[in-house]
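Please work from the sequences and hints to get the whole structure.
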Amino acid sequence: MSKQNHAIVKWIVNIGFIIFALIALFPIISLVISSFMPSSELMRNGISFNITMEKLQLDNYTYIFSQAPEYWAWYGNSLIISVVTIVLSLFFSSMVGYALALYNFKGRNFFFILVLFILMVPFEILMLPLFQLMINTQLVDTYFAVILPMVVAPVAVFFFRQYALGLPKELMDAARIDGTTEYGIFFKIMLPLMGPSLAAMAILQGLSSWNNFLWPLLVLRSNDMFTLPIGLATLLTPYGNNYDVLIAGSVMTIIPIIILFIFFQRYFVSGLTVGGVKG
Amino acid sequence: MASSSASDQSQLQLETEEYRSPLSPNKDPKYKKNKRGPNKFFKLLNSKKVVPYVFISPFIITFLILTLYPAIQGIIMSFQSVLPGQVSFIGLENYSRITNGTFYKALTNTTIYVVLTVIILTVIPILLAVFLDSKLIKMKTFLRASFFIPALTSTIVGGMIFRLMFGEQDTAVANQILNFLGMDAVNWRFNAISGMFLMVLLASWRWIGVNMLYFLAALQNVPSELYEAAKIDGASKVQQFWYVTLPQLKPIVIFVMTITIINGFRMFEESFVFWEAGSPGNIGLTVVGYIYQQGIQQNDMGFGAAVGVILMLIIFVVSIINLLVTGAFKRGDE
Chain A
1 MSKQNHAIVK
11 WIVNIGFIIF
21 ALIALFPIIS
31 LVISSFMPSS
41 ELMRNGISFN
51 ITMEKLQLDN
61 YTYIFSQAPE
71 YWAWYGNSLI
81 ISVVTIVLSL
91 FFSSMVGYAL
101 ALYNFKGRNF
111 FFILVLFILM
121 VPFEILMLPL
131 FQLMINTQLV
141 DTYFAVILPM
151 VVAPVAVFFF
161 RQYALGLPKE
171 LMDAARIDGT
181 TEYGIFFKIM
191 LPLMGPSLAA
201 MAILQGLSSW
211 NNFLWPLLVL
221 RSNDMFTLPI
231 GLATLLTPYG
241 NNYDVLIAGS
251 VMTIIPIIIL
261 FIFFQRYFVS
271 GLTVGGVKG
Chain B
1 MASSSASDQS
11 QLQLETEEYR
21 SPLSPNKDPK
31 YKKNKRGPNK
41 FFKLLNSKKV
51 VPYVFISPFI
61 ITFLILTLYP
71 AIQGIIMSFQ
81 SVLPGQVSFI
91 GLENYSRITN
101 GTFYKALTNT
111 TIYVVLTVII
121 LTVIPILLAV
131 FLDSKLIKMK
141 TFLRASFFIP
151 ALTSTIVGGM
161 IFRLMFGEQD
171 TAVANQILNF
181 LGMDAVNWRF
191 NAISGMFLMV
201 LLASWRWIGV
211 NMLYFLAALQ
221 NVPSELYEAA
231 KIDGASKVQQ
241 FWYVTLPQLK
251 PIVIFVMTIT
261 IINGFRMFEE
271 SFVFWEAGSP
281 GNIGLTVVGY
291 IYQQGIQQND
301 MGFGAAVGVI
311 LMLIIFVVSI
321 INLLVTGAFK
331 RGDE
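Listed in order, the protein sequences are those of chains A and B.
Residue 202 in the UniProt record's numbering sits at position 202 of the first sequence, and the numbers go up by one each step.
Residue 138 in the UniProt record's numbering sits at position 138 of the second sequence, and the numbers go up by one each step.
Do not rely on the hints blindly, as some may be mistaken.
[To be verified] Derived DEER-like restraints, expressed as beta-carbon distance ranges:
(1) A:Thr-137 - B:Gln-86: 52 to 62 Å
(2) B:Pro-223 - A:Val-13: 23 to 33 Å
(3) B:Leu-246 - A:Asp-178: 31 to 41 Å
(4) A:Leu-58 - B:Lys-231: 36 to 46 Å
(5) A:Phe-91 - B:Ile-177: 30 to 40 Å
(6) A:Ile-255 - B:Gly-85: 39 to 49 Å
(7) B:Phe-190 - A:Thr-52: 45 to 55 Å
(8) B:Lys-237 - A:Ser-66: 54 to 64 Å
By construction, these hints were calculated from the structure, which means they are not laboratory data.
Beta carbons: idealized from backbone N, C-alpha and C, even for Gly.
The following block contains the structure:
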């Protein structure tokens, strides 16, 4: 292939990628722009290319900040539930995945297959009996009920296990000779090496908790306990007179996740440059 | 000499009598006991035999309470008629009722959705990741962020945007584009093919970036010597991708495919956000949607549980086939 041809290919690929990226971003951009449109306009036209600049205003935001206390209650609930879920599920799931990958013990394969099996059990079929359990233990309408099913995430266990398989076992033996306890080996030596996988799972767990819909819909009963997706969904159903809160609220739903992403993206980059993680 | 042999003997005696080996007969046995107790406990707790079980104990506990118990309860419920305050066993009646057109419709929709999302959400992210990992592409940080940002939205928010973009009005973005291309406006949410298109599009839009990140992370771990060796052997870029990159990505490909299949069968929200309670002609009905409709809306929990059991069997069989075909059960240390 000639050098000129190569340059042309490079241009085409780069332009193609930029177009693809803009398509991916388009819905978010149009959401943000639409949040400055009168909600009645949005009702009538949907999201449209016809934007009259004069009609852009802040009404949706002034309304949500001054007259929608329930929105902020949902917001707080979502924040608390997501943070607790990330911390607990990363802690427990990494422990389990690590042990399944790097220890030889009786039942190791059994437990791994069990993890795979649970991964295949849709939460939706356990949902009804679990809901009954929550009623019997009087946990309905508490944060605890929402968080509990997520503290050991089989997805994360599976991922950590696959990841830990690539960790250098020699480091463990070396640390044992130095007299480090097995727990010290995990927390001080191996867990830091799992950094990239922890960051990836923090994003995944945070997202699935923040976006979790069906289970919170069942166990959260009162409006002031709702999480953001449940709350926003209640605005979708009644006859469209809440589009102001819906659209401005949606924009503000995305912000903490972007903060989380930026925070963990840095961790991604530094984590990936840590040595000794060859798979 | 004589004294040492005497102490040897006493040691032996002590060992046989008290089942422990004292370090020196001069020391206070009480002190030793105190010191030995916790030592032994910590030693046991730190032994390679016990440690893995301590590590996996959170899994065992949550498995028993949050999976095994509700699973058994769910199976029992599937043989029951569950009415408030009145639960009775009705044998296989729930299961015999499943063979109806609505369920088949839901199953067909779900299967189509799974096949489409597995293909789209594996192939496109790998290609994106490989290009973003190569020297060919500029502005990598911007592109990577752009592909990932849709994943930051919830299905509810994303779905709401898509509803407004794919509205039935001529003024909504999607129909404006069709009109611009000289085509007729489409009633997106009201016919089968475009309805499926919307659900697959929403899921793909949200998940391509996430899967791309998995592949990008995995690509960092591919030893560069492998590419150098392939180059020396005269392999083209495509050959390098096929014979070096793909085999190295295999564990993560298996991971992504497994998750996508399971999430596909669990799909509910993508349908709910477009049609809420019910779609015209059930074009958006999924198996989980059917469980929700029957178990919660119609309050027929026993029947809902029976559909759930069938769904579980389907997912189980499909996933096992996937793992066997891709060879995921081979251990990493082999």
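Hint by hint, here is what the structure shows:
One distance hint, 52 to 62 Å for the beta-carbon pair Thr-137 (chain A) and Gln-86 (chain B), is violated here, with the actual separation near 22 Å. Checking the proposed 23 to 33 Å range against Pro-223 (chain B) and Val-13 (chain A) shows it holds: the Cβ atoms sit about 25 Å from each other. Restraint check, Leu-246 (chain B) to Asp-178 (chain A): a C-beta distance of roughly 40 Å satisfies the suggested window 31 to 41 Å. In this structure the supplied range 36 to 46 Å is violated for Leu-58 (chain A) paired with Lys-231 (chain B), their Cβ-Cβ distance being about 57 Å.
A C-beta distance of roughly 47 Å is found between Phe-91 (chain A) and Ile-177 (chain B), which places it outside the suggested range of 30 to 40 Å. Taken as a hint, the range 39 to 49 Å holds for the pair Ile-255 (chain A) and Gly-85 (chain B), whose Cβ atoms sit roughly 46 Å apart. Checked against the hint of 45 to 55 Å, the C-beta distance between Phe-190 (chain B) and Thr-52 (chain A) comes to roughly 29 Å, which is inconsistent with it. For the pair Lys-237 (chain B) and Ser-66 (chain A), the supplied restraint of 54 to 64 Å holds, since their beta-carbon distance comes to about 58 Å.
The structure fails to meet hints 1, 4, 5 and 7 from the earlier list, while all remaining hints are met.
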